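Using the sequences and the hints, build the whole thing.
Residue numbers (the numbering used here), protein chains in the order written: chain V, 1 to 350; chain F, 1 to 479.
Worth flagging that the hints you see were computed from the coordinates, not collected in a lab. Since no wrong hints were added, every one of them can be taken at face value.
Below 30 Å or equal to it, Euclidean Cα-Cα: the simulated DSS-like pairs (lysine-lysine) are:
1. V:147 / F:463
2. F:277 / V:265
3. F:179 / V:297
As the structure is a prediction and not an experimental result, all values here were calculated from the model.
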Amino acid sequence: MLFLKYSQHSFLQHIIICLILLTLVVRSDNETVDGFFSRGGHTNNWAVLVCTSRFWFNYRHIANTLSMYRTVKRLGIPDSNIILMLADDVACNPRNVFPATVFNNAGRYLDLYGDNVEVDYRGYEVTVENFIRVLTGRVEPDTPRSKRLLSDDRSNILVYMTGHGGNEFLKFQDAEEISSFDLADAFEQMWEKRRYHEVLFMIDTCQANTMYSQIYSPNILATGSSKLGENSYSHHMDSDIGVAVIDRFTYYNLEFLERIDMQSKATLQDLFNSYNPTLIHSTPGVRSDLFRRPLDKVSVTDFFGSVQNVELTGQQYNLSNSDIDIEDSIYSSTLNMMDVKENIDNRYKV
Amino acid sequence: MLSIWVIIIIGLPLWWKTTEIYRAQLPFAEIEEWSKKRERLDIKFSTHFTLFIATNVLEENNNFNLKNLDIRLKESIASKYNLINNSKSVQFPVKFKIKEWNEWKDVLKEDFNLGQLNFTSKNGKYAFYILPGNNENKKTKVLVGNQRQAIVQIEQIEHWNLEPSTEANVELDSMRTMKYSPMYQVTFSLMNGDPSSLLVNWDIDQTVNKYLKPFVDKISVISNLIVESQIQHYARLTFEPQQKKIIENINYNNDNDKYFYLTPDLLPHFINAAEWKLASAVSSYPTLNFILYVPSLEQSPLYIQDSKENIIKNNAFLIPRWGGVVINNPDRSTGIHNFTSEELKSVMSIFIMQLRGLLGVQDFWVKAGSGLDSSVTIEFTSPQNTAITMWELDSLVRRRIAENIVATILTLKSLSQLVAEIPNMVVLDHIQTEVLLALDSLKKSCTSLQEEQYEIALQHAKKAIERAESAFFDPTMRN
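What follows is the structure, encoded as structure tokens:
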């Protein structure tokens with residue numbers, strides 16, 4: 001008897017505790033933990049693609065950038081999540097014998113400037129200041145949505161840059177340059193404000209590997225076309241257009257990426273292994289000391305595509321209202337626990 | 001000679017002064033203090049519980065020691081809570097008040113009518129009503145109300161299990177739930193696969209007003225929702241869904257003997273990001289997309305299968321921090337289909353389920369079910385139209401307070417760190433003002449929290465994060 005009383009007593013206690021615990025569910029959101037929900041722990045992808053060179057003879061830099069643009073779009077990053085910066089408009093240049101087109105191959109199989117190209121920063125808008133502002137989010141309040149990098153702590157960001165550079169700098173517009181320190185500070189500001197989950201920084205320029213040498217913020221993976229003292233070369237020229245149409249590093253990246261589709265399981269390690277210094281004519285570099293995932297576990301689509309996580313919705317919310325009999329429905333409609341239970345089991349995550 | 005000296009004496013300080021980087025004084029010490037506080041135990045959410053115990057229960061059990069009960073409850077809460085939560089930055093002191101309850105017979109007669117209990121309270125104050133059992137079935141019944149109350153009808157129980165409810169879902173929730181924003185843009189899109197075989201329209205205005213508006217109103221304490229809608233035609237999929245011959249037990253109104261289905265590994269590619277215009281240029285607030293997809297004739301009917309190859313009844317899935325999708329296969333016989341508000345009700349109930357998840361409303365029934373064993377039946381009263389109960393709203397309010405306080409402190413800390421690290425950074429006076437105002441709101445929020453004024457604390461916490469962010473993201477802050 002005593003036992004019974006005790007157990008009843010404790011049982012009541014237990015129920016009350018459970019109810020109380022319901023009310024106490026609060027989580028402080030200051031720790032980033034990795035989970036099984038997604039392979040990479042990110043929920044959205046962004047791309048910042050920058051061509052910093054002006055003038056007709058830098059046709060190839062614009063073609064490089066547009067090729068990357070086409071690739072990330074093909075692999076599922078929507079235009080709203082791509083910031084495309086092109087310092088010149090070669091498609092409409094009077095010297096372009098194929099007006100309103102940009103090709104990245106002498107065969108001219110693919111017009112990169114076809115329909116649906118959304119350039120966010122164009123011509124003289126492509127400045128060091130604007131680039132840093134995009135990264136750090138310190139834009140003027142009246143800046144349109146398409147010119148903002150609205151990433152969050154679950155965003156994977158691809159930052160691709162191409163242009164003319166040197167030891168620890170990249171030239172913008174023939175007028176100014178960004179140093180590797182500016183870049184590192186910008187990434188740090190992003191990290192401080194949780195503006196990314198992971199970043200892949202890719203740069204195709206002379207002595208490109210020096211550009212990522214100063215980066216110190218976590219979760220950044222960097223790759224460049226050539227090491228200190230090496231130039232980055234163009235791949236081939238189109239004699240009708242009259243200038244080189246693509247750079248080697250970008251060309252061989254694209255060669256790999258063209259074989260990737262949305263369902264692909266290829267990893268960044270595969271991409272980096274595909275780099276061949278004799279073909280590229282320079283030594284591509286990879287910096288992974290700040291990155292915490294092993295490269296053979298990182299899908300190419302974690303950065304170049306946008307593979308969304310999915311959760312099947314098994315439940316419906318019981319909308320108990322109707323126009324007239326609100327009062328009746330308040331008490332009667334409760335969720336059927338059996339259904340709910342079943343549906344919870346049915347919930348499935350990828 | 002003199003003129004050179006004049007230039008040097010006047011010019012040099014002038015040059016120094018004019019080329020100096022302007023820096024308004026920021027309250028570094030105070031920010032530092034806050035960020036240290038964050039690491040210690042600081043934020044307290046005290047909760048009061050009033051237990052109304054039916055006099056009958058007391059009579060039947062003479063040694064039901066009331067004084068003992070509240071202390072025991074407190075202890076077991078403390079031990080249990082520590083068991084499941086190791087994070088130390090948030091504390092939950094619990095207080096109990098135990099009252100005898102005389103009017104319990106009326107409630108029992110009405111078969112658990114919670115409406116009879118006029119327990120008015122605010123966030124942080126809850127009432128439990130303990131009733132004697134009726135001996136018909138030996139199950140303990142729990143009814144959780146949509147206000148801040150619950151009834152427990154207790155039976156004689158021989159044994160019981162105490163399993164701590166685990167918090168394994170926290171990570172999942174954090175990936176699904178949007179980051180806090182004072183405003184969200186909610187877009188409902190009706191995507192039509194092929195208008196040449198079927199034209200679609202929907203009574204979205206009416207549906208939103210009827211089913212969603214009460215929820216929007218309720219949640220506006222925390223965030224406002226801007227709702228908009230669109231219809232898009234020629235919304236192609238990027239891939240071909242798989243097809244299968246029909247199985248007998250599923251009834252389709254389509255004459256075809258095959259149906260199409262999507263497997264979970266195809267769903268991540270469902271959204272045709274390149275062609276579907278889903279981005280809105282209206283504002284820079286985070287967008288939540290809800291898509292009602294009508295497949296083309298060649299791909300109808302279209303279903304979603306889970307990994308065990310069962311067709312999901314709802315035909316819906318959620319994309320974390322993005323939105324939700326519902327696939328609908330309407331009747332194609334007339335070539336035109338208008339989704340009436342009645343038809344959209346079930347669609348909307350899925351969208352609301354998804355919206356709740358995206359906004360961070362925790363599903364109480366899931367948590368409660370996992371904590372109790374089978375000898376207890378627990379029921380939940382549906383909220384009055386609003387799709388969110390007071391319990392859920394309270395919990396979300398508390399969570400957003402905690403998040404915003406922590407986020408404000410982190411933002412201010414980052415700001416002061418940046419200013420210290422980058423010596424070329426200009427700090428103008430209005431940055432200083434914003435920082436001071438943010439600190440002020442932070443203080444007020446914490447004070448209100450101590451006074452258990454949760455609503456006021458939330459308003460201050462919202463202001464604090466807004467000001468801290470506007471200081472951090474100010475265009476003049478640059479190096």
